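For the record, the sequence lines run as chains A and B.
Mapped onto the UniProt record's numbering, the consecutive letters of the first sequence carry residue numbers 1 to 205.
Mapped onto the UniProt record's numbering, the consecutive letters of the second sequence carry residue numbers 1 to 205.
Where hints are given, some of them may not hold.
Same chains, same label: a pair holds when it works inside one copy or across any pair of copies.
Lysine-lysine pairs mimicking DSS-like chemistry, simulated, CA-CA at most 25 Å apart [stated by the list, open to error]:
(1) 135 x 111
(2) 97 x 111
(3) 159 x 101
(4) 97 x 8
(5) 143 x 111
(6) 143 x 126
(7) 70 x 97
Don't read these hints as lab results, they were simulated from the structure.
Quick caveat: nothing in here was measured; it's all calculated off a predicted structure.
There are 2 protein chains.
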Amino acid sequence: MNVDLILKKVMKKIEEDYSIPIEVSARHVHLSKDHIEKLFGKEYSLTIKKNLSQPGQYQYQERVNLIGPKGVITGVTILGPARDKTQVEVSRTDAIKLGIKPPVRESGDLKDSETIVISNEREVVKATESVIIAKRHIHMEPKDAEYFGVRDKQSVGVKLLSNRPVILQDVTVRVDESYKLNMHIDHDEANCAGCEEGVVGLLIV
Amino acid sequence: MNVDLILKKVMKKIEEDYSIPIEVSARHVHLSKDHIEKLFGKEYSLTIKKNLSQPGQYQYQERVNLIGPKGVITGVTILGPARDKTQVEVSRTDAIKLGIKPPVRESGDLKDSETIVISNEREVVKATESVIIAKRHIHMEPKDAEYFGVRDKQSVGVKLLSNRPVILQDVTVRVDESYKLNMHIDHDEANCAGCEEGVVGLLIV
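Go ahead and model the full structure; you've got the sequences and the hints to work with.
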């Protein structure tokens, strides 16, 4: 009996059965209806470019610029649908370039977050308390939560199975009927772990 | 007896006794004597700006530019003393900007690494097989190695005690009489973990 071989097979089985697909989110903006009107004009309707992995979420063709006190990032993606309040999600690398200090937060939690100026070729708006660094999280359906033995809002660890292995701690589990199993990390997290296309993570409770 | 309080005290004691100072290395270049001559001129002597944490290592005042197939990074630090072969250390974020795919390597291990063009205001040189992403590592003296119960070249984990906690795995221990206890990570790793000035790590064997 070869113990190493058995261990290897067990590990492979665990990886197959409990792995979570990783998706790297680039910097993006969710615009409010008011900001869409101000930036693009009253009657303007943004053009959907493609659907995202989470059902009902999509990317528009139009882009905007982020203007911070120390730097500018051009050509930033706009995601839809429109929100009640504009939310800008950047990496910490982006934040340093822009010269702002956004908090690490879950989507929607914008109190005391950072302020940024958003522009396009025709207009400029100031988005007060709008910028966060997205807290890493896993989207899953209730049946996934049951399978993994976790619950909504639980904080878990995830080992990224890359060639520069990292365990990300304090990852928020988000459970909803409408979600598709997917972990969202930003480019700092992906680059830190050397993530390549198709990388998966192992949930550690 | 308050178990939570005791646990907290024990954790604090462990953190105090076993923590490793973290240093974030920005992108930099170690130039060969040949490349220094080519870039700056035959009789030119680079000016030392400041000493680094590792004894005998310093930063020069002069800077260079890195020119990749897809992008340019200007004002890159040169570290001394001069080496036999030029070595360029960038983050993965930098590598993507430059348009190159350097391997994650220990210092000095340059076989099949990436090639980059280095320029300054007077000259341009091509540094073949010179670019790596520095593999995270801990410098320590033999007495530290004994204290932590690790040996030279051992692969360990380090939990970064930041507000965005991460366990970096496959960290190389490097033991030498001349070293000072310090863990070196790059900006991707620092940003992934949200490292602030003075952050420390806990060694996990």
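The hints, checked one at a time:
For the homomeric pair residue 135 and residue 111, the shortest alpha-carbon distance inside one copy (15 Å) is at most 25 Å, but the shortest distance between copies (38 Å) is not. In this assembly of identical chains, residue 97 and residue 111 lie within 25 Å of each other by CA distance solely inside one copy; the values are 22 Å within and 33 Å between copies. In the homo-oligomer, the alpha carbons of residue 159 and residue 101 lie at most 25 Å apart only across protomers (23 Å), although the nearest pairing inside one protomer, at 27 Å, exceeds that limit. For the identical chains of this complex, residue 97 and residue 8 are neighbours neither inside a copy (43 Å) nor across copies (37 Å), given an alpha-carbon limit of 25 Å.
In this assembly of identical chains, residue 143 and residue 111 lie within 25 Å of each other by CA distance neither inside one copy nor across copies; the values are 32 Å within and 48 Å between. Taking the closest pair of Cα atoms, residue 143 and residue 126 never come within 25 Å of each other, the shortest separation being 41 Å inside a single copy and 55 Å across copies. For the identical chains of this complex, residue 70 and residue 97 are neighbours both inside a copy (7 Å) and across copies (19 Å), given an alpha-carbon limit of 25 Å.
In summary, the structure is inconsistent with hints 4, 5, 6 from the numbered list given earlier, while agreeing with the others.
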